[in-house]
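For the record, the sequence lines run as chains A and B.
Position 62 of the first sequence, counted from 1, bears residue number 59 in my numbering, the numbering being contiguous throughout.
Position 206 of the second sequence, counted from 1, bears residue number 666 in my numbering, the numbering being contiguous throughout.
Simulated from the structure, these hints should not be mistaken for laboratory data.
Errors might be hidden in some of the hints.
Which residues of chain A face chain B? A few of them, derived with a C-beta cut under 8 angstroms, are [what the hints assert, rightly or not]: (1) Val29; (2) His32; (3) Val279.
Residues from chain A shown here face chain B by an in silico Cβ test under 8 angstroms; the list is partial [as the list claims (entries may be wrong)]: (4) Met33; (5) Gln34; (6) Gly35; (7) Arg36; (8) Val37; (9) Trp276; (10) Ser280; (11) Tyr281.
Backbone N, C-alpha and C define an ideal beta-carbon position, used for all residues, glycine too.
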Amino acid sequence: MPLWLDLLIRVAAVMVGFLVLPLVIGQAEHKVMAHMQGRVGPMYAGAFHGWAQLIADGVKFVQKEDITPREADRTVFRLAPIVALFPYLVVILTIPLGPNLVAQPLDIGLFLVLAVLGIGVVAVLMSAWASANKYSLLGGVRGAAQLLGYELPLVLAAASVAMAAGTLSLPGIVEAWQPWWLIWQAPAAIVFFIAGLAEIRRPPFDMPIADSELVFGYMTEYTGLRFAFFLLAEYVGIVVIAALTTVLFLGGWHGPFEEQLGWLWTLLKIFALSFVIIWFRVSYPRLREDQLQRLCWLILVPVALAQLVLTTAVKAAL
Amino acid sequence: MSENGDRIAPGKGLLDGLAVTFKTMTRRSTTQQYPDVEPDLPPRSRGVIALLEENCTVCMLCARECPDWCIYIDSHKEEVVVPGAARPRQRNVLDRFDIDFSLCMYCGICIEVCPFDALHWTPEFEYAETDVLSLLHDKDRLGDWMRTVPPPPAHDVLGEPAKEEATAARKAAGPGAATAAKTARPAAVRPKPAPTEPEKPAPTEPEKPAPTEPEQ
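Based on the sequences and whatever the hints tell you, model everything.
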């Protein structure tokens, strides 16, 4: 196969996953959230149980007027949604679906993923500052404090599993994974998942958005396609966090018939974790700003550090 | 943090929250797909008021009792010549009977107060208009709602018979039995409890203190 065709197929596959998976999860969120609240959710778009609701939403967003506030810093304002969306695209490149099914295997995959996820805070600050809106700014500053704080437990938990596997490569970690790691790395898995939720600003960690007090936080001034980009970034974020937790802690493609059905196991685990993320959103109220920081610094960081010690001890003993 | 010792295990509240939402998800939602599926309303729903014009005698009770004066009635008198009578009779003829549903608050007092059952509730509710003035239903439109009036509920088997029924029964029973005084109080058919008390006191107010006069 010539190089360009190989590249084209890989990029096309990543783009398809990048566009389809968030839509599936978004639709699942509509329906699951509705049923958890005793409603039925969208029923009209696409005639069968509203399956085309998000497509209709997308069409609506495209038709909307593209407004940039007069006082806004136009370049930064327009760039921010792209900066929010792009890192996730890069992350999806490195996530292995099956034993040899990864768009771009990298030896430092975990390192790249964590570094790129950190760019999210730049997008938040860009949109917050450039909007020239006090609600946006408040939301952005909250978001920055939250993202910087939760970066630490996220990285520490990921470091634990990287230590256990002895590699930074994501397929390598999945190769090295053993079922008993589920117990050994359980605290790290929980810390990683919770910190990941906070990283993508999902409820109950949506203090930067907090629509009941900050209008819509750093997204207040955005409309149309740019707002759709932010929304898409949120749902791609769900995919990314669920996929990373799957790959790092739940054994990725490991399962019965993993040689043939490995990709299916990965996808199943991703969807199960996405369901949990949606479930959390419906069940829990938003954490106050001080509770948010307290959870991070007083619970997640110590637990992650203790897990590091435990991982080191077990690794040294073996 | 509370100091008392009856704290539940940490995390129990979190798990309970998850359990509640999950249980709700497994149940069927009660959403009614209204515009697609007609709602299943109880027969005595207060949707709109129907007018049976033949029963109306233009007594104006409904219009006077209406709390927000949303019933408008006009009428004129007609002379009806009855053959054999000494004088022609006079009869009220309804010219206009409008209910302004933009004012109506659906209290149902007009229906309660109508002595001749000319007004009825119907469960129809789809009469929204884009112009508020169109909510004034005239007597043709009110009469048209009569199609949708549900049949009256069956009589309570243990209840007293209607006055007319009791009178008819007494007339059929024997001559002279029906007097005006007796028809006014029909015999109760409800099985009476065994008279344990020697004499039931007359239904006067038992030692109720007179309403205290406000101090002046």
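Evaluation of the interface hint that places Val37 (chain A) against chain B, nearest CB under 8 angstroms: holds, 5 angstroms
Restraint outcome when Met33 (chain A) is required to lie within 8 angstroms of chain B by C-beta distance: Given a least distance of 4 angstroms, the restraint on Met33 (chain A) holds.
Status of the Val29 (chain A) interface restraint (C-beta, 8 angstroms, chain B): Since chain B brings a Cβ to about 7 angstroms from Val29 (chain A), closer than 8 angstroms, the hint holds.
Residue hint Trp276 (chain A), partner chain B, criterion CB-CB below 8 angstroms: Holds: closest Cβ of chain B sits about 6 angstroms from Trp276 (chain A), inside 8 angstroms.
Minimum beta-carbon distance criterion (8 angstroms), Gly35 (chain A) to chain B: Since chain B brings a Cβ to about 5 angstroms from Gly35 (chain A), closer than 8 angstroms, the hint holds.
Hint status (Cβ of Arg36 (chain A) to nearest Cβ of chain B, threshold 8 angstroms): holds, 6 angstroms
Proposed interface contact between His32 (chain A) and chain B, which counts if any beta carbon pair is under 8 angstroms: holds, 5 angstroms
Evaluation of the interface hint that places Ser280 (chain A) against chain B, nearest CB under 8 angstroms: OK, holds: Ser280 (chain A) within 8 angstroms of chain B, min 4 angstroms.
Hint status (Cβ of Tyr281 (chain A) to nearest Cβ of chain B, threshold 8 angstroms): With Cβ-Cβ at 6 angstroms, under 8 angstroms, it holds.
Hint status (Cβ of Val279 (chain A) to nearest Cβ of chain B, threshold 8 angstroms): holds, 5 angstroms
Status of the hint placing Gln34 (chain A) at chain B (closest C-beta pair under 8 angstroms): holds, 7 angstroms
The structure is consistent with each of the numbered hints, conforming to all of them.
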